[in-house]
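In case you want the letters, here they are:
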Amino acid sequence: MAAHRGAEASLLFVELRFFVFFAVVLSVYWSLRTNGLRKWFVLLCSYYFYGSWDWRFAVMLCAISTADWWFALRIAESAEQKRRKLFVTASIAMNLTVLGVFKYFHFFVNSAIAAAGALHFKLDEPTIRIILPVGVSFFTFQSLSYTIDVYRREIPPVPSLRDYLMFSSFFPQLVAGPIVRPKYFVPQMVSMRTVSLDEVKAAMYLFLLGYIKKVCIADNVSPFVDQVFNHPAAYTGVASINAVWLYTIQIFCDFSGYSDMAIAVAALLGYKLVLNFNAPYLSDSIQDFWRRWHISLSTWIRDYIYFSLGGGRMKYRILVYRNLLITMLAGGLWHGAAWTFVAWGGAHGAAQVVHQEFRKHVPPRPSQEPWRRVAGWFLTLQFVCMTWILFRAPSFATAALMLKRYLLIDPGGAMTIPAWLLAIGPGLLLVQLLMRRWDAGGSVCRLPLAWFALVYGAAWAFAISMLPLGYRPFIYFQF
Amino acid sequence: MFAVGYLAVAGVIHAAIRDPLRLHADIRSEKLAVMDAMRGKSESAAFGSSHVHNGFNPGAFDRALAGSPLETRSENLGVAGGSQSEQRAMALEFVRNLQPPSEGSRACFVLLELNAGANFTPDHLVHPRAIDIYDWRTARFVSHLVEPMKSFEQRAGRTGYALTAMALHYMNVGMLSNLIFAPPVDQAQLANETIDDRRGQDIGFYSPVREAKIAKVIAAEPKQMKLETASTTPGNSEVIAEIAAASTVKGLAFAYVAMPKLGDLAVSYNYPDHIEANGIEVPIVNLARPDLYPQLYKAGLWHDDAHLNDLGAKMASALIAGALKQWFAAHGGAPRCGG
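The listed protein sequences derive, respectively, from chains F and A.
Using our numbering, the first residue of the first sequence is number 1, and each one after it goes up by one.
Using our numbering, the first residue of the second sequence is number 1001, and each one after it goes up by one.
Derived by calculation from the structure, the hints in this document are not laboratory data.
A portion of the hints provided could be inaccurate.
Said to hold, decoys possible - Where chain F lies over chain A, by a calculated footprint (3+ residues, C-beta under 8 Å):
(1) 1088–1095
(2) 1120–1133
(3) 1164–1173
(4) 1177–1187
We put the beta carbon where it would ideally sit given N, CA and C, even for glycine.
Generate coordinates for the entire structure from the input sequences, incorporating the hints supplied.
Right, here's the structure in full:
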């Protein structure tokens, strides 16, 4: 896996190496007097950050970004539609080729071998092994959105190569998002960034929250999840339910924890990134879930795939559903080069179709509102939990076995994991509800500086004691 | 104020963790399980690193002492990848829970490895095995494990490691996680150390292929061994006194053992015959001397270039027992173990 390749030298947000790196970055960055120098410095740091995984991929990132910057300039200066189309097609083709070769080569080849095998043709496996560059799905999508937006005349091209390279490699969000849109980020680069004390406090709070999610929760539950998913036949049905619930927690805390830290790191440099998660497990429908889960990706695939296919403005409803399914299948494939991810995307697409049909035939009435929302929340959460099985399982066979155990159709083996872990999920949901109701973040950040520091120090003491020792990269680095 | 908040909570958490040695740590936890299982069934133990973990056979040791005044029943509490700091922690835990033997005429041996590393290797610094045990007493002990004539580099390295590990210990790094989400003991490893009455020994098996490889390693060693003089450190004596003071039983018999490695064929160390600790003389059995124990340096006795296989372990354990019999016979007999 790519994330393991440069594991010893890579700069993970949760490691001491990153803290040292970022302390140096912050002190130098804020001592620079001009915006131009600061942008050069951030650019340099971003490439150092990415090169810490593998410097060859940093060279590749630079080449792709430079090419997209050049394509966008050509698109903007061309009056002729044909030339504009040619350049945007070239940009799309280049980015998708990079994605296809590095991420999907083995998937396509192995699928072709399996299909040929089903037709009684024997194809040999290629001996070449392609290493997946960390975060390739994120930066190619980000780069694609830039040239497409310039083509659609939604934004002007970025005249400075330095500025574009900085946008495309901005280290806080480079390897695992949020996927940043140029129309949101590039205008921020025009002026010198400043941060207020309140913004610093908010960013520090968010960083700690992300750290707690990733380190104290996700990393601590992951060994139990791995235990069961690695040997599903050996575990009881209750252990399987436990593992699926724990994975539901793990993936949310891992990914949203990273996003929180990325947003916080960017904020400390004076840049704002988009919100990527908004309490997705409190969603009361599958549509609502996708408005709250990995928001930067769901809006990306909506704007660049769903709308490109015609979106909801189709003559027949069946065509709208077709667009929805294609979009969700693509979203599934984006996550990983395996059919289980495609199936996961397909299941979410199908659920959205079913939900839209249900709403059409049984429209909500105000009198039904409270219980319908509760039922909607419960069903949505159950569906999301079950489909995470597809997301986590290494194969359909494992997924089918886990699903049977989860639904208690199959009694399973004799091994268990501690039953008390079942309480973590409901407990965390309750904590999230209370934190939202009482605006915990706002309350902490509104404290006077001395009290904020006291609470912050106390929270770090707890967080560090909850650090499980060992290397556990972020799950989304592999995407 | 940040520091105040931090220290207050860290202090509360630290106080709440009553027994850090018992927090889960790979490899050590399995050895602690062996120790617990053997409680009341043995009164002697060998401590140290992988050289002891592989190279001490309790059965062979006991058989060699059977019928003598030093008769005992032992176990192997060496921990692979271990250090002087860890063997100290393990030995203290052992003697705190030691039950006096029911038969009055048995000896209670605490066998410590003299040539185990002072600290763990650097990649173990951020690991429960180091963090959980490095309280200030451990750090102080390690800082006393420096030979007076050794270089500044060794002093700085050993003390620096110990101080860093101690800082992580008092910051409770990972300790609460370990308490709440403790992983299970590795049952396969535990079975490997307890099957066939192994009593903690992890056996390195013999194979002709391995023997051929080891023979090549031995052949590549210089024909002439270099013998250098080595001294013990103040820490080596202090730990004996500390263990004796912590013990629930009186009359422990201590011994230091230098375990052999094939590298001894090139350079070997001549330690003193004994060290003084707490007013008693503690023998040093130096098996790492090819000139004194040439029978140990045969290819068929080794698992790899630093660890004995089971055949080698049996021979080494019998040699240790023989050396101890001689020593105590010449020095007025072994102390009797009692409550």
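Here is what the structure says about each hint:
1. Beta-carbon proximity to chain F at under 8 Å applies to 0 residues in the segment 1088–1095 of chain A; the threshold of 3 is not reached and the given coverage is violated.
2. Counting residues of the segment 1120–1133 of chain A whose CB lies closer than 8 Å to any CB of chain F gives 4, which reaches the minimum of 3, so the coverage claim holds.
3. A count of 3 residues in the segment 1164–1173 of chain A with a Cβ less than 8 Å from any Cβ of chain F is obtained; the coverage claim is therefore met, three being the minimum.
4. Evaluation of the coverage hint for the segment 1177–1187 of chain A: fulfilled, as 5 residues show C-beta separations to chain F shorter than 8 Å, against a requirement of three.
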